[in-house]
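A.B. asks: One-letter residues, chain by chain:
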Amino acid sequence: MRRFWALARSAALEALAEPLSAILFLVALLAVHLLPAFHLHQFGEPGRLSRECGFSALLVFGLVFATSAAVHSVGRELESGTAATALARPVPRSLFFCAKVAGVLAAFALFLFAVAGATLLSIVTSEMGRIVTQGDVVAWGPGIAAGAGGTLAAFALAALGNAFLRTRFCVGACLLTALAQPVALAGVLFLSHSPVPWNLLPALAVLALGCAAFVAMAGAFAVCLKPAAVSAVLTVAVLLAFISPLRAVMPDINRFWLVDAFAGGGAPAPADLCAAAGAGALLVAFWLAAGSFLLARREIP
Amino acid sequence: MSEPVIEIAGLRKTFRDFWLRPVAEAVRGVDLTVERGDVFGLLGPNGSGKSTTIKMVLGLLAPSGGKIRLFGLPPRARAARARLGYLPELSYLHPFLTARETLRYYAGLSSLGRRDAKARTEELLARVGLSSVADRAVGGFSKGMARRVALAAALVSNPELLILDEPTSGLDPIGTRDVKELIRALAKDGVTVLMTSHLLADTEDVCTKIAILSQGRVAACGRTTDLLTRTQDARFTVEGLAETEARALADELARRYGKPVSFDHPSVPLEKFFAETVRAARG
Amino acid sequence: MVESFLLAWRALLRGHVLTALLALTALAHLLLPAVVRSDGTADGGREVFLRAVPGSVYTVLCVALLACACGLVARARESHRLALSVVRPVSAGALMFGPLLALVAVAAVVLAFNAGLTCARGGWTDCRHVYAPVLEPPETAAQRMLKDILANPDTPKEVRSAPRHRLLSILVGREVDRYESILPGKSLAWEFPAAAADVPTGVVARIRFSTQFNMRASLSGQVAFGPWSASVSNNTQSVLEIPLAAAQGRRDRPAAEAPKLDFRNTGRSTVMLRPRRDVEVLTPADSFGMNLLRATGEMLCVIAFLCAFGLFLSTALSRPVAIFAALVFLVVTEMAPAVLEQYPETLDLPFTDRMGLWLSRGVAFATSAVSGPQPISDLATGTCVEWSALGHAALVDAVVAPCVLLTLAAYLVRRRAAASRG
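Residue numbers (my numbering), protein chains in the order written: chain A, 1 to 301; chain B, 1 to 283; chain C, 1 to 422.
There's no promise every hint is true.
Said to hold, decoys possible - To give an idea of the chain B side of the interface with chain C (calculated C-beta under 10 Å), a few residues:
| hint | residue |
| --- | --- |
| 1 | Leu-60 |
| 2 | Ala-119 |
| 3 | Gly-129 |
Claimed, not checked - Over 12 Å on every C-beta distance to chain B, these chain A residues come out as not near it, computed from the model:
| hint | residue |
| --- | --- |
| 4 | Glu-14 |
| 5 | Ala-159 |
| 6 | Leu-179 |
| 7 | Asn-199 |
| 8 | Cys-224 |
Quick caveat, the hints were computed from the structure, so don't treat them as lab data. Note that the structure is predicted; figures quoted are calculated from it, not measured. A virtual CB, placed ideally from N, CA and C, is assigned to each residue, including glycine.
Isolated chain A (complex conformation) (with noise of 0.2 Å):
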């Protein structure tokens, strides 16, 4: 367990240290919290914009950044040696290729952390629009400049970071962004007591789940493939996940999509909600099987 552990450490790490890591982050988050801007665009809901941008920020930039990382993590290490060196150490083929995955995971994971608590933050902001709204005067000013400035600011905290203690700054960016998401929604809802949309939380788990399969499949892809053969892979798996018409061994999107059940003070169904998450595990454990199997039959030269 504690070589799992030592490896999937260095591979969340890894992941959160490339600069794509930090941009992505930043441009996720930022495109999240200055929706509520754009009050010409409310759809009849003040928060539906931002919901929405909140579940396609996860979608499409957490499956960029978790999917390089994957690929990154498991195909470079092995075209560049870095494997070789490992898995010459009793450390069995599967184990490093799960905690390889997991570690990419792991990041992902705070990429999900840092996304929600934003787009709670988000429609907490677009609801406090609504209800002060009076003339042109709109009250977005707080949730706006805690969100978008709490996430500027923790990436100045870590260029500080950078400068005086040496820390790794896109490290550092990453996990203080994440950070700053609770603490602006709980300063934001400090001031106005507006109702947060908890009930969000369960259905961007299973579309980050959904995106975990993506990530499984993108680590499977680069034991055997070279790292721009599986992006070229990836994008024409993405673009059949949205016609599904593998649906047993491909993550059909439109299953882990719940946000439109959202529209008009809705909820998914919870045993909607169980059957997506039970077929992103299903397919997580396929892929990463796969992978195993992959890599167990692969000469590493």
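Could you slot chains B and C onto chain A? The hints should help.
C.D. replies: Leaving out everything else, chains B and C in the frame of chain A:
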């Protein structure tokens, strides 16, 4: 005094982090002059600034201070670059190109005409012993074969100055000997060579001048023979002398000059022994 | 330059990029026609095929080659191979232009294959020149309107105090979407370029009529253009293509006189239309094959620009960051014109939305090299891709913009330390 090919005066290089704070002072005021026809060895332990100095000479890194002149020109001047060849520490070849295509590519970058490039490529492939595998992709080559391709690529433009960073790394002893012979032959043809190596025996064999860098400074510099020869001592080699006769001769010399005299039996260098053994085994 | 071209070409060829793109193109032509559905008409089938199949190939090609361009220099730098090239007596510009030519060559091969497969399908119709009425520039009309508004003593104070550039921007938007009304029994005429009437036959008027209140009011009228005319009778709100036939009693137009499209409303309802958007004259151009050739040329120009942009990014950024930045560029290129189309500027717009519009305008201007040419749309609608448009795309997208971007890239390659510490 012959014409200087490389002039380095007060060269400094400080690596800085994102916040522009100094991270490492790799080179701290190096002064060197390499003259035409020299085989100049740059020696030093890891982190002494050898590779950094070479990269500044090549114009790949910008100096933090001091001056570098290549053939009297700044290192980034195209006229200066036209007259040099460079072999990096690792071969860094394009894996999808064949050996022949690799040499043609670098010949083309060095402004050689099509016909000259073709002739030079074939000549160099033969010289480094890769004619039979010239049409194989270099991605599948062993480390030694890749090194030979990289060396040929450095020579493809008929350079007047050859900069070699660890030229024998990854080569077997026979390859190492071939490279040393090649360097000697090039020097005889008037090519100036600046090289770094961790293998002191190799450096000693081929370099006419050496500089030893330590912590970014020149600790010693001069002709190899001047630096290594102890003129106050003397050694004689007498062929066919038995152990007892040698001991008697030593005693006689000690008695006559009143100084301690030692003797030993000369040994063949391992490299020479290895080459002879392999040649004999191949028949 | 030849060497760096050959190097990049071999990398793309031996890295199976070209093979994969050709295979994808063939697959798209094989599978997509079975998946996409049209409205059942021959024209609809052709349009849907062109948008779905060559359109998809073009999109995939743009994204794939942009990603390749983003990787080429970044990977060479990260693997230290760039250092080996820059120490040679070769300019950084030559090192940059070679890969661009290789990427464009790959695009040319795939687009030629795509065009060949499209042509081989057969059943295509000739394309048509599309002429818009000759009207004064909207900016001139907006200036005039603004003068009138400011001269009017009833103009509200907040309008007078608004910045002039904002008022002009709003008025330009209004002028582009300005409706003209044609009362029953009345007619309205618009001047067209002389070239629109310089054809013996096959002239078509394309008009979209609206009414103020009734969305499906019936319409009847008489359209005349030069020596041709036709009667029209239909519902409003749809685009009507009215074939014009030689009319008896209509004289040929004097050479010095600009041809006019005249519509006489013979129905009972007042009809409306926007002259800048709803009135066009179509005349026969040349074959579909020639149009496809020009459209392919336009696609190639846009891809050249994208590849140059990718190469520029790859000199400045690491590979994944460059690819991400390039994809963001593609997304905003598509988004900005749509935002401007959907959300016109008004005086009471909040500050944040105004900033959004300004940002969209900036992005639309900066990305107009990519979003401007619409080869697939033109092909699908049977619109002739004019030689002048192709020439403009070639000059801007394939020559000027790549030269600027690659000169900057070359400067960055020279300025950046080409080696790491060691």
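A.B. asks: With reference to the structure, classify each hint as holding or not holding.
C.D. replies: Checked hints:
no.: 1; hint: Leu-60; result: holds (4 Å)
no.: 2; hint: Ala-119; result: violated (17 Å)
no.: 3; hint: Gly-129; result: violated (22 Å)
no.: 4; hint: Glu-14; result: holds (20 Å)
no.: 5; hint: Ala-159; result: violated (9 Å)
no.: 6; hint: Leu-179; result: holds (23 Å)
no.: 7; hint: Asn-199; result: holds (43 Å)
no.: 8; hint: Cys-224; result: holds (18 Å)
The structure fails to meet hints 2, 3, 5 from the earlier list, while all remaining hints are met.
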